[in-house]
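Protein sequences appear in the order of chains F and R. Using my numbering, you'd call the opening residue of the first sequence number 1 and step up by one each time. Using my numbering, you'd call the opening residue of the second sequence number 1 and step up by one each time.
Everything labelled a hint here was simulated from the structure, so no lab data went into it. From a predicted model like this one, the values you see are computed outputs, not experimental measurements. Among these hints, one or two may not hold up.
Claimed, not checked - Listed next, with one range per pair, are the computed distances between beta-carbon atoms: (1) A43/R with N297/F: 27 to 33 Å; (2) D445/R with L312/F: 30 to 36 Å; (3) Q438/F with E16/R: 45 to 51 Å; (4) K442/F with F307/R: 27 to 33 Å; (5) L458/R with Q108/F: 53 to 59 Å; (6) D397/R with Y64/F: 51 to 57 Å; (7) Y64/F with Y395/R: 55 to 61 Å.
Stated by the list, open to error - Listed next, the stretches of chain F that the computed footprint assigns to chain R, with coverage defined by at least 3 CB atoms under 8 Å from CB atoms of chain R: (8) 176–184; (9) 227–237; (10) 345–355; (11) 363–376.
To be verified - To give an idea of the chain F side of the interface with chain R (calculated C-beta under 7 Å), a few residues: (12) L6; (13) S31; (14) L36; (15) L91; (16) D188; (17) E191; (18) A296; (19) Q320; (20) M360; (21) L458.
All residues carry an ideal CB built from backbone N, CA and C; glycine is no exception.
Each chain, written out:
Protein chains: 2
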Amino acid sequence: MHVFFLQVCEWREPEELAQLLDLELKATGESQDRLLQRVQDVAKYSIKTSHPRFLNQQFGGVDYHALAGRFLTEALNTNLFTYEVAPVFVLLEMEVLKSLRQLVGWTQGDGIFCPGGSASNMYAMNLARYRLFPEVKSQGLYGLPRLTVFTSSQSHYSVKKGAAFLGIGIDNVIVVKVDDGGCMIPEDLDEKIKLSKSQGAVPFLVSCTSGTTVQGAFDPLDRIADVCEKHKIWMHVDAAWGGSVLFSEQHRHLMKGVDRANSVAWNPHKMLLAGLQCSAFLLQDTTNLLKRCHSANATYLFQQDKFYDVNLDCGDKTVQCSRKVDCLKLWLMWKAIGSSGMAQRVDKAFIHARYLEEQMKKREGFHLVCKPEFVNICFWFIPPSMRGKEQNADYQDRLGKVAPAIKERMMKQGTMMVGYQPLADKVNFFRLVVLSPQVSTKDMDFFLDEIERLGNDL
Amino acid sequence: MHVFFLQVCEWREPEELAQLLDLELKATGESQDRLLQRVQDVAKYSIKTSHPRFLNQQFGGVDYHALAGRFLTEALNTNLFTYEVAPVFVLLEMEVLKSLRQLVGWTQGDGIFCPGGSASNMYAMNLARYRLFPEVKSQGLYGLPRLTVFTSSQSHYSVKKGAAFLGIGIDNVIVVKVDDGGCMIPEDLDEKIKLSKSQGAVPFLVSCTSGTTVQGAFDPLDRIADVCEKHKIWMHVDAAWGGSVLFSEQHRHLMKGVDRANSVAWNPHKMLLAGLQCSAFLLQDTTNLLKRCHSANATYLFQQDKFYDVNLDCGDKTVQCSRKVDCLKLWLMWKAIGSSGMAQRVDKAFIHARYLEEQMKKREGFHLVCKPEFVNICFWFIPPSMRGKEQNADYQDRLGKVAPAIKERMMKQGTMMVGYQPLADKVNFFRLVVLSPQVSTKDMDFFLDEIERLGNDL
Ligand SMILES: Cc1ncc(COP(=O)(O)O)c(C=O)c1O
Ligand SMILES: Cc1ncc(COP(=O)(O)O)c(C=O)c1O
């Protein structure tokens with residue numbers, strides 16, 4: 001018998017939880033016993049994201065080699081900015097970046113780990129801008145023409161956040177249309193670029209997505225590269241979510257053309273289970289653009305009269321000062337399971353996704369939003385009371401309330417976690433992301449049974 | 001007898017270290033034995049930043065309660081963006097921010113943890129700009145007047161990096177003069193603001209420093225607040241390094257006037273030993289400015305039809321998506337030692353600094369760069385061969401080479417680590433930062449002996 005003693009979640013209302021945790025910070029310290037109890041409480045009421053039935057986001061599951069690397073990182077507590085204080089990690093980071101670049105198809109280039117894919121996407125924006133207008137670093141955008149960025153309507157919101165933060169403005173992120181599968185339409189991109197130019201703006205960045213957040217769509221990189229080349233625009237690939245398919249011989253075709261990009265953002269903390277945070281920003285550039293764009297040459301940190309090769313002091317490539325070590329966990333996991341182990345993990349996630357898709361087709365009440373290209377399974381659950389009533393005026397309204405209602409029950413009972421969202425004109429639907437190698441077919445059958453159990457009376 | 005078996009550093013040349021670590025990532029995985037050996041190698045060749053003789057940067061030392069919190073954070077591996085996936089941490093973060101704000105002197109306000117003080121400083125810049133020109137979020141800087149930022153010549157380089165990144169431009173960071181102690185001169189600030197206005201620019205941010213990186217100077221906040229009020233400019237306090245004095249009754253006067261600021265950046269990963277990364281951005285604002293400025297309202301994450309109070313979903317206050325949990329370690333440490341324990345830690349660091357200062361005065365060859373106001377001890381070591389030769393034409397040149405030479409020997413022998421840098425017209429000098437509670441007077445005597453030993457023949 002297969003029994004889960006551990007729930008995914010021990011739901012408590014915020015007020016109750018605040019009480020249970022006894023949050024207040026006081027003048028005096030506490031006994032070791034009391035502290036141990038606190039550690040237990042924190043663990044008890046936290047979400048068990050490594051539980052095989054946590055499918056709420058793209059970071060479920062756990063890899064124990066990576067976890068060992070994370071503990072070691074914490075114990076060693078150093079700053080990845082100079083060889084002086086992080087000799088091992090400077091070398092490890094270079095090696096990991098090189099290996100990731102090789103998977104992209106580049107024999108040379110540059111890169112850096114960032115605190116998240118959002119930051120990586122911002123780096124692409126800043127570099128593209130700087131390549132076109134190097135004076136922007138000293139003089140800012142003042143006096144420059146209006147700059148425009150292009151990305152699909154299903155790209156991640158960090159493109160817009162980045163545009164706001166970097167002073168470009170959200171309205172200057174031009175939204176390109178997608179096809180039914182959620183992939184950017186290159187012809188529309190071409191037209192939007194021409195239109196923007198005709199309006200006096202300067203298009204400087206196309207941000208493609210490999211693995212969109214909700215649908216898991218892959219933009220057609222080769223055809224987008226043609227458009228970017230034609231217009232001489234920086235091509236960035238946000239592969240935060242999908243990048244890991246590059247490990248798989250079987251699935252890497254989804255990113256065909258990625259080697260033609262100028263930059264790639266790839267989050268091993270998602271599909272590869274490296275643990276938060278682990279996000280690589282990769283560049284094809286060999287002209288030291290990253291450092292030229294970001295450096296401030298602080299003399300207290302990046303002294304030029306050091307006794308070793310100061311090119312190893314990678315910190316000035318970033319806009320950070322302190323920088324957490326995010327590479328060790330990935331390096332250790334990679335050493336442990338090899339590229340072939342990574343590929344297997346990716347392939348297994350696809351197999352899981354196909355399994356779920358097949359099972360859903362066999363069950364009444366599960367309705368796929370779109371044919372999954374990746375491991376995101378987007379679907380509506382139609383409760384029995386609504387089946388066959390698609391023509392009713394209030395059908396869509398009612399359908400939009402089903403997922404939130406099931407979600408509430410699911411969390412309060414703590415049996416599993418899965419996310420939902422609306423998308424464009426589609427009302428709330430669930431998105432299952434099956435990436436953890438700990439997930440079994442039993443777990444997957446359980447998801448479907450559980451959604452039926454929780455939603456059958458709605 | 002007091003013997004250190006463990007060195008601070010096992011120096012290896014990069015090429016040799018790369019060989020020792022056998023960096024390459026391969027197709028197949030490795031045995032557990034081999035992996036254990038790797039873990040040992042990583043630890044062996046990494047810098048021991050928790051060693052009491054590591055004084056190279058502002059993050060030396062270790063607090064074991066915080067370390068436990070960090071391990072727990074890694075084990076629980078969740079994302080601090082919604083109450084749904086981080087119920088405990090959402091509440092903990094709110095509590096810690098509230099307690100930090102109380103120390104600043106605010107009974108209400110807002111805030112968020114950022115991946116580093118540099119990011120916190122950028123947030124201040126973005127908010128100040130948005131408050132003045134809300135349209136910047138949608139339209140960008142295009143068409144706006146030239147915006148200027150004011151900061152002292154000794155402020156942290158992240159102010160310039162932030163200005164470049166946000167499209168303001170480094171040339172629009174106006175450098176304000178400092179007095180001999182390294183503190184911003186408010187009269188010069190006032191003049192520079194007037195000058196900038198007269199040139200058609202719009203001054204929008206003054207970034208003061210509480211605890212400058214090199215000298216440890218505290219800008220006179222009260223007098224700067226007067227200038228900011230007069231010109232209606234956002235006052236930000238970069239207290240990344242010095243903020244922790246607020247715990248100490250004896251030393252908090254250094255930040256008198258901080259409650260008049262609009263925002264404060266404070267890094268508990270520095271003086272409080274919370275572990276990297278831990279950086280709080282605090283705001284006096286109660287109008288939800290942080291969220292209004294940064295939000296993108298992603299419907300897949302920040303659904304408004306959730307069954308709990310969605311104001312708890314703090315993620316849209318940031319420009320990140322994934323966000324590491326940085327609050328647990330601080331909360332746990334604070335619970336363990338209380339505010340009084342934190343205060344003692346700060347007071348002890350001051351006592352250490354005074355001890356070092358006194359000892360240096362007693363020894364020939366140690367020459368303070370300036371009277372320390374904080375726990376940064378800046379000094380030149382004058383080797384016997386140079387003493388009394390201050391008038392020689394090559395004296396400054398030679399002096400500038402002493403610290404790098406001693407540093408090289410120190411690292412190659414691995415006995416201790418301390419940083420050096422030039423500053424303005426001053427040639428290379430050492431900066432000792434004594435913050436770890438594990439440092440003893442024996443360690444401090446050792447520093448001085450060791451610098452003499454390593455530098456006496458220069
Ligand atoms: C396609 C895509 N890009 C970027 C991001 C942002 O990455 P991060 O959460 O590390 O900032 C995400 C996160 O979900 C994503 O799905
Ligand atoms: C005064 C000051 N401000 C800001 C920073 C940057 O903080 P972080 O390293 O967390 O980005 C530092 C770091 O040394 C600092 O000393």
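These are the hints, each one checked on the structure:
no. : hint                           : in the structure
1   : A43/R with N297/F: 27 to 33 Å  : holds (32 Å)
2   : D445/R with L312/F: 30 to 36 Å : holds (33 Å)
3   : Q438/F with E16/R: 45 to 51 Å  : violated (40 Å)
4   : K442/F with F307/R: 27 to 33 Å : holds (28 Å)
5   : L458/R with Q108/F: 53 to 59 Å : violated (41 Å)
6   : D397/R with Y64/F: 51 to 57 Å  : holds (55 Å)
7   : Y64/F with Y395/R: 55 to 61 Å  : holds (59 Å)
8   : 176–184                        : violated (count 0)
9   : 227–237                        : violated (count 0)
10  : 345–355                        : violated (count 0)
11  : 363–376                        : violated (count 0)
12  : L6                             : violated (13 Å)
13  : S31                            : violated (9 Å)
14  : L36                            : violated (9 Å)
15  : L91                            : holds (5 Å)
16  : D188                           : violated (22 Å)
17  : E191                           : violated (22 Å)
18  : A296                           : holds (4 Å)
19  : Q320                           : holds (5 Å)
20  : M360                           : violated (20 Å)
21  : L458                           : violated (14 Å)
In terms of the numbered hints stated before, the structure departs from hints 3, 5, 8, 9, 10, 11, 12, 13, 14, 16, 17, 20 and 21, listed from lowest to highest.
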